[in-house]
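Colleague: Fit chain B with the ligands to the known structure of chain A by using the hints.
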Amino acid sequence: MFGDYTLGQLGSIFVMQGFAGLILFSVFLLMALGLAIIFGQMGVINMAHGEFMILGAYMTYLTSKLFEAWAPGLLAGYFFFAMILAFLASAALGALVEWALISRLYKRPLDTMLATWGLSLMLQQVYRSVFGAREVGVDLPPWMLGSWQATDSIEIPINGMFVMALTLLITIGVAILMYKSRWGQQVRAVVQNRVMAGAVGINTERVDRATFALGCGIAGVAGSAFTMVGSTGPTAGQLYIVDSFLVVVFGGAQSLIGTIASAFTISQSRSTLEFFTSGSMAQVATLIGVVIILMIRPQGLFATKVRR
Amino acid sequence: MLAIDSLRVAYGQSEVLHGINIDVAPGEILAIMGRNGMGKTTLMKALMGIAKSTAGAIRLDGSDIAGLRSHERVARGVGYVPQGRMIFPTMSVEENIQTGLTVTGEKDVPCDIYELFPVLLEMKRRKGGNLSGGQQQQLAIARALACRPKVLLLDEPTEGIQPSIILEMARTLKKIRDQRSLSIIVSEQVLSFALDIADRVLVLENGEVVHAEDRASVDEAKVASFLSV
Ligand SMILES: Nc1ncnc2c1ncn2[C@@H]1O[C@H](COP(=O)(O)OP(=O)(O)OP(=O)(O)O)[C@@H](O)[C@H]1O
Ligand SMILES: [Mg+2]
Numbered sequence: 002m003f004g005d006y007t008l009g010q011l012g013s014i015f016v017m018q019g020f021a022g023l024i025l026f027s028v029f030l031l032m033a034l035g036l037a038i039i040f041g042q043m044g045v046i047n048m049a050h051g052e053f054m055i056l057g058a059y060m061t062y063l064t065s066k067l068f069e070a071w072a073p074g075l076l077a078g079y080f081f082f083a084m085i086l087a088f089l090a091s092a093a094l095g096a097l098v099e100w101a102l103i104s105r106l107y108k109r110p111l112d113t114m115l116a117t118w119g120l121s122l123m124l125q126q127v128y129r130s131v132f133g134a135r136e137v138g139v140d141l142p143p144w145m146l147g148s149w150q151a152t153d154s155i156e157i158p159i160n161g162m163f164v165m166a167l168t169l170l171i172t173i174g175v176a177i178l179m180y181k182s183r184w185g186q187q188v189r190a191v192v193q194n195r196v197m198a199g200a201v202g203i204n205t206e207r208v209d210r211a212t213f214a215l216g217c218g219i220a221g222v223a224g225s226a227f228t229m230v231g232s233t234g235p236t237a238g239q240l241y242i243v244d245s246f247l248v249v250v251f252g253g254a255q256s257l258i259g260t261i262a263s264a265f266t267i268s269q270s271r272s273t274l275e276f277f278t279s280g281s282m283a284q285v286a287t288l289i290g291v292v293i294i295l296m297i298r299p300q301g302l303f304a305t306k307v308r309r
Numbered sequence: 018m019l020a021i022d023s024l025r026v027a028y029g030q031s032e033v034l035h036g037i038n039i040d041v042a043p044g045e046i047l048a049i050m051g052r053n054g055m056g057k058t059t060l061m062k063a064l065m066g067i068a069k070s071t072a073g074a075i076r077l078d079g080s081d082i083a084g085l086r087s088h089e090r091v092a093r094g095v096g097y098v099p100q101g102r103m104i105f106p107t108m109s110v111e112e113n114i115q116t117g118l119t120v121t122g123e124k125d126v127p128c129d130i131y132e133l134f135p136v137l138l139e140m141k142r143r144k145g146g147n148l149s150g151g152q153q154q155q156l157a158i159a160r161a162l163a164c165r166p167k168v169l170l171l172d173e174p175t176e177g178i179q180p181s182i183i184l185e186m187a188r189t190l191k192k193i194r195d196q197r198s199l200s201i202i203v204s205e206q207v208l209s210f211a212l213d214i215a216d217r218v219l220v221l222e223n224g225e226v227v228h229a230e231d232r233a234s235v236d237e238a239k240v241a242s243f244l245s246v
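If you read the protein sequences in the order shown, they are chains A and B. Per the numbering used here, the first sequence runs over residues 2 to 309. Per the numbering used here, the second sequence runs over residues 18 to 246.
Don't read these hints as lab results, they were simulated from the structure. Source: prediction; values computed, not measured. One thing to keep in mind: the hints can contain errors.
[Said to hold, decoys possible] In silico lysine to aspartate or glutamate, EDC-like type, Cα no more than 16 Å apart, as pairs:
#, chain 1, residue 1, chain 2, residue 2
1, A, Lys181, B, Asp125
2, A, Lys181, B, Glu111
3, A, Lys66, A, Glu136
4, B, Lys192, B, Asp213
[To be verified] FRET-style restraints, in silico, Cβ to Cβ:
#, chain 1, residue 1, chain 2, residue 2, range
5, A, Arg109, B, Glu89, 23 to 33 Å
6, B, Lys141, A, Gln126, 32 to 42 Å
7, A, Trp100, B, Glu123, 46 to 56 Å
8, A, Arg298, B, Asp129, 38 to 48 Å
9, A, Arg298, B, Gly101, 29 to 39 Å
10, B, Lys141, A, Gly44, 22 to 32 Å
11, B, Asn53, A, Gln300, 34 to 44 Å
12, A, Gly119, B, Arg93, 36 to 46 Å
[Claimed, not checked] According to the in silico footprint, chain A covers these stretches of chain B (three or more CB under 8 Å from chain A):
#, region
13, 79-90
14, 96-108
We put the CB at the ideal spot given by N, CA and C, even for glycine.
With the rest of the complex left out, here is chain A (with noise of 0.2 Å):
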């Protein structure tokens, strides 16, 4: 398949199809990081997070059209208030249903799984009722439409390079809530021995609900981003959440280099092998290269060394 192409032209395809996938990578890197924190904290495994990240995705929309109808002249920077809004959306989403639905089911996480499930489809519903069955996109500021161009064969997408750069800010931010605030050293101490956590004194259950609730948001904000490669639709999660839950394996959960690392490699070899083939064939593909490299390292790519 790479024989039609000159090493020149294969180099160039190799890097503008590396930056397509940016916004995918973003995409995943933030489903993958709210996953596995919720995770990591309370052993839930939220199969409604594409329902949550489509929060988000719905949440820009609405935030488009406002700013078209009543400030067409702010419309330029209407992206990141839909950010913010996705994020709380989310996240609001996520205390609630944390604390109808989650905080009820403590320690049955099989049980969870399927409120969970449960959930994603009557979130389904609710998009379908509310918004319409009919997918919706975005329009995307002029300013971010363009591309950069690097050499004269290679191209660079700007909202591509805009929406990494922000999701690289969200990941260290997350990553210096977890290590360096107080409040991230109540969620560690919560993970690693909850019931001694609550016996020097930590609220695990505040900790639980605001951990939810930043998991859920940060799929809001993937949501925003997802805005810019897909259509919005009410069942458009569902196309996401499994390559999510495969980067959070992928990576080795409770590892965060190895969340970022395995959301770029998939993204990566998919965005990269669905030029040469059709995108079902991609994702095949990517699959089987990741079960291979699975049954190599079941701990996944980057597994913490401590211990315990």
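Modeller: Frame of chain A, contents of chain B with the ligands only:
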């Protein structure tokens, strides 16, 4: 200070503590002796809100804390050093102590804690899980002291620790009591350690207090007979 009143604790259907009555005076060190499986840990867990009590009251300075959750009890002034230490293994020594500061709202580890345990200051950047057993025990005590307790619960602090360190720990605990005028409840199987630090000794057998005596008048042979199998 702390008054435990007909406290009953059960795991599911099987009751382990059958109505315990204990009073602890301010500044008193109370040793709870008992063989394996007699309910010492269960009593500690019940005081901490980890095991649920089915009946009875736990009064701290007059108010019942039996219905509160663990972190609320810590805020009221109960500090806990569990059996097996249970430090947070992947967190640094300093971070481990800081977790105890949650209820006080302080940011930095108070220096009086490092004065009590200088070895922790030397190792403050090390991972808790990479400390020796004795050092972990000191870390667990430091973490419990960080929340400025009025009552300190220690569950078998001497378990797996060599005799010379046990002597030093007894000295440290007495120093802590004198400096901070807190009460200490310590569960033990090592009689010499208990007699070394305690003001009063109490024997727990099959979930009941079967013997209680002041240190001054204690009949060593009698207490020892409870402990031998
Ligand atoms: N989680 C539990 N579920 C059911 N039974 C339990 C549980 N924990 C302890 N027990 C039972 O309660 C009784 C008292 O146990 P406990 O741990 O309080 O003893 P202990 O005096 O601390 O013993 P040791 O000196 O070995 O630490 C034992 O019979 C034990 O089998
Ligand atoms: Mg015990």
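Colleague: So the hint says 23 to 33 Å: do the beta-carbon atoms of A:Arg109 and B:Glu89 match that?
Modeller: 25 Å, holds
Colleague: Do at least three Cβ atoms from the region 96-108 of chain B come closer than 8 Å to Cβ atoms of chain A?
Modeller: holds (count 7)
Colleague: Evaluate the given range 22 to 32 Å for the C-beta pair formed by B:Lys141 and A:Gly44.
Modeller: Taking Cβ atoms as reference, B:Lys141 and A:Gly44 lie about 30 Å apart, which means the hint holds.
Colleague: Measuring from beta carbon to beta carbon, are A:Arg298 and B:Gly101 in 29 to 39 Å?
Modeller: 32 Å, holds
Colleague: A:Lys66 and A:Glu136 were given as a pair; does the straight-line alpha-carbon distance stay at or below 16 Å?
Modeller: Holds - the C-alpha atoms of A:Glu136 and A:Lys66 are around 15 Å apart, at most 16 Å.
Colleague: Hey, B:Lys192 versus B:Asp213, does the alpha-carbon distance stay inside 16 Å?
Modeller: Judged against 16 Å, a Cα distance of about 13 Å means the pair holds.
Colleague: Taking the beta carbons of B:Lys141 and A:Gln126, is their distance inside 32 to 42 Å?
Modeller: 53 Å, violated
Colleague: Lying within 38 to 48 Å: is that true of the beta-carbon distance A:Arg298 to B:Asp129?
Modeller: Holds - the Cβ-Cβ distance for A:Arg298 and B:Asp129, about 47 Å, lies within 38 to 48 Å.
Colleague: Examine the region 79-90 of chain B for residues whose CB is less than 8 Å from any CB of chain A, and state whether their number is three or more.
Modeller: holds (count 3)
Colleague: Are the Cα atoms of A:Lys181 and B:Asp125 separated by 16 Å or less?
Modeller: 13 Å, holds
Colleague: Is 46 to 56 Å respected by the C-beta to C-beta distance linking A:Trp100 and B:Glu123?
Modeller: 30 Å, violated
Colleague: For A:Lys181 and B:Glu111, compute the direct alpha-carbon distance and say whether it is at most 16 Å.
Modeller: 13 Å, holds
Of the numbered hints given earlier, the model fails hints 6 and 7; all others are met.
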